[in-house]
Amino acid sequence: MRNKKVTGIERLKVRYGRMFVLPWTIGLLLFFLVPLFSSIAYAFCNVSLVNDKMLSFVGFEHFKYLINDDPNFMDNIKDAVTSFVYSLPIIVALSLIFAIILNQKFRGRIFARAVFFLPVIIATGVVMQFVTGAALQEGAALSTSMGETESYSGIRFDELLINLGLPQSITELLSDYIARVFNLVWSCGIQILLFVAGLQSIPDQLYEVSKIEGATTWEEFWFVTFPMLGNVTFLVLVYTIVDLFTAFDNPIMKQAYDLISKNSVYDQSAAILWAYFVVVGAVGALILLAYNRILMKKWN
Amino acid sequence: MKNVKAQYRRYTRSSWGNFFYFFFLILFGLFSVLPMIYTVCTSLKPLEEILIFPPRFFVTRPVIDNYTALPKLLSNLSVPLSRYIFNSLFVSVSTTVLHIFIASMAAFVIAKVKFKGSQTLFMLIQFALLYNAYTLAIPQYVIFSKLNIIDTYWVYILPYLPSTLGVFLVKQFIDSSIPDALLEAGRIDGAGIFRIYYQIALPIMKPAWLTLALFAFRDIWSMQPAGTIFSEELKMLPNIMSTISAGGIARSGSAMAATVILLIPPIIVYMVSQGSVMETMGSAGIKG
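Protein chains in written order, with this note's numbering: chain D, 1 to 300; chain G, 1 to 288.
These aren't lab readings, by the way, just hints derived from the structure by calculation.
A couple of the hints might just be wrong.
To be verified - Below are the DSSO-like pairs computed for lysine-lysine, each with C-alpha atoms no more than 30 Å apart in a straight line:
| id | chain 1 | residue 1 | chain 2 | residue 2 |
| --- | --- | --- | --- | --- |
| 1 | G | Lys-235 | D | Lys-262 |
| 2 | D | Lys-105 | G | Lys-206 |
| 3 | D | Lys-254 | G | Lys-116 |
| 4 | D | Lys-254 | G | Lys-146 |
| 5 | G | Lys-146 | D | Lys-262 |
| 6 | D | Lys-64 | D | Lys-254 |
| 7 | G | Lys-116 | G | Lys-235 |
| 8 | D | Lys-64 | D | Lys-211 |
Here the structure is a predicted model, which means the values were calculated and not measured.
Using the sequences and the accompanying hints, generate a full structural model.
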């Protein structure tokens with residue numbers, strides 16, 4: 001496909017190419033790579049911002065402490081991985097279902113898409129804290145930084161449900177479920193978009209053929225739609241893994257963030273995040289590998 | 001040129017199936033808009049309704065007091081409100097524009113020029129996508145202080161510029177929609193690389209950079225850097241939220257009113273870019 005011959009433009013582009021990437025590369029170096037390697041260094045050192053000598057090497061000390069002595073770390077990592085493992089398939093499946101519905105022709109389709117994309121637009125920072133506030137209160141690091149405000153801002157599903165006049169135990173259970181569904185729906189925005197875009201690139205002829213061959217809607221989904229979405233699904237998986245992995249409401253992130261913001265402990269928190277990175281990275285890689293091996297192979 | 005044409009499928013289901021589908025859609029759609037509706041409702045509630053326990057979802061007697069109270073509430077800030085508005089707009093717009101140029105230039109080269117290290121750079125991008133900002137906060141702080149830019153606008157702008165999601169999306173988009181032949185043609189007609197980039201590539205990449213604009217604007221608009229900005233006159237709008245909410249529960253109506261106002265700009269940016277976002281995401285999925 002690609003022309004191997006080095007043409008005029010190729011030569012010219014190589015010469016100026018470096019100039020074009022330069023600003024971005026410098027930025028990446030300064031604000032990503034250097035900090036990345038320093039944070040690895042932090043994880044293996046004692047860090048003090050007061051002394052002249054900032055770092056003193058301690059080896060695996062922090063990791064040993066986390067695994068053997070830290071009261072919360074192991075539980076938090078277990079929680080994070082469990083919720084990661086159950087959220088991932090639900091989010092991917094939900095997004096696919098929404099995308100299939102949203103890809104059909106009906107009045108108000110653009111509006112409906114905007115509705116599902118809305119969380120993506122507003123789901124950042126302070127504004128988000130005020131909009132959802134206590135709705136995500138369970139384990140939400142978001143609201144804690146606002147201190148007292150969390151007590152009255154945002155939706156309190158549990159309090160709103162009192163209006164229904166149900167017994168308290170049912171209200172609590174309901175509000176818990178609502179909060180969970182809420183969390184899941186709010187993490188589907190980008191994924192739905194990716195799936196809708198993917199669905200639109202499947203040629204219509206395939207569906208015509210399958211209809212002539214007498215496939216049911218169900219067969220059509222499994223033998224046409226799903227395989228054709230292979231690459232998109234992979235991208236969605238990657239995106240969801242990253243998203244869940246770096247979510248503010250996961251207990252590990254919260255633990256690390258608290259250490260930094262409340263106690264100014266940088267070495268320990270770097271160690272937490274790196275340990276977590278390794279664990280979740282391994283789980284994520286396993287899922288992606290399994291997906292590639294089992295499903296993609298079957299289709300190709 | 002590959003043209004991804006929108007193809008929609010007609011209903012093939014029974015009316016019962018349709019009913020079920022749309023019930024499902026509406027139910028979950030509600031989850032997605034509820035917080036917004038609640039925010040707007042609360043911002044219109046008079047004080048008595050805010051203090052009711054248990055709280056009601058909808059407002060029964062809407063008033064605009066919470067909005068009209070805002071100027072007075074914000075009149076005792078140490079810096080005039082207009083300064084925060086200027087900061088927010090200035091930082092968001094300039095960062096977004098710079099980010100679009102830097103990211104699209106880099107993506108253009110990574111996609112179209114095979115030079116030594118371009119593959120490594122792309123690997124790095126994908127790795128960086130996986131990485132979280134919190135871990136980098138402290139080492140970044142050290143770099144800020146070495147560059148001597150703490151407590152300046154640069155603290156907002158610089159760290160966002162090399163963010164890798166942008167380069168990733170634009171590169172995927174270029175791969176799927178700008179053929180080499182088009183650039184060759186530009187070259188033969190005597191255009192230099194800057195003209196090729198600016199006059200040929202940039203217009204074609206419009207959906208991609210509009211998508212970047214949405215993401216960048218959204219992120220920067222609500223940014224609240226911790227510990228790097230001290231001067232009140234350099235802070236952005238989200239900071240005034242804490243001033244308002246310091247008034248306690250009686251002020252929650254006004255806090256909601258301010259939230260509604262703060263949500264307007266990102267929503268406008270979304271409306272401008274919404275068609276493009278879909279197109280860009282489509283190309284992102286093609287190569288996976």
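task: Below or equal to 30 Å on CA atoms is what counts here, so check D/Lys-254 against G/Lys-146.
output: The hint holds at about 28 Å.
query: Under the criterion that the straight-line Cα-Cα distance not exceed 30 Å, is the pair G/Lys-146, D/Lys-262 satisfied?
result: Between G/Lys-146 and D/Lys-262 the Cα gap is close to 24 Å, so the pair holds against 30 Å.
message: What's the verdict on D/Lys-64 and D/Lys-254, does the C-alpha distance respect the 30 Å limit or exceed it?
response: holds (20 Å)
message: Holds or violated: D/Lys-64 and D/Lys-211, Cα atoms, limit 30 Å.
response: violated (61 Å)
task: Assess, step by step, whether the Cα of G/Lys-116 is no farther than 30 Å from the Cα of G/Lys-235, and give holds or violated.
output: violated (42 Å)
- prompt: Going straight from one Cα to the other, do D/Lys-254 and G/Lys-116 come out at no more than 30 Å?
  reply: The hint is violated at about 40 Å.
- prompt: Are D/Lys-105 and G/Lys-206 close enough, with their CA atoms no more than 30 Å apart?
  reply: holds (26 Å)
task: Could you grab the alpha-carbon distance between G/Lys-235 and D/Lys-262 and see if it respects the 30 Å cut-off?
output: holds (22 Å)
Hints 3, 7, 8 from the list above are not met by this structure, while the remaining hints are.
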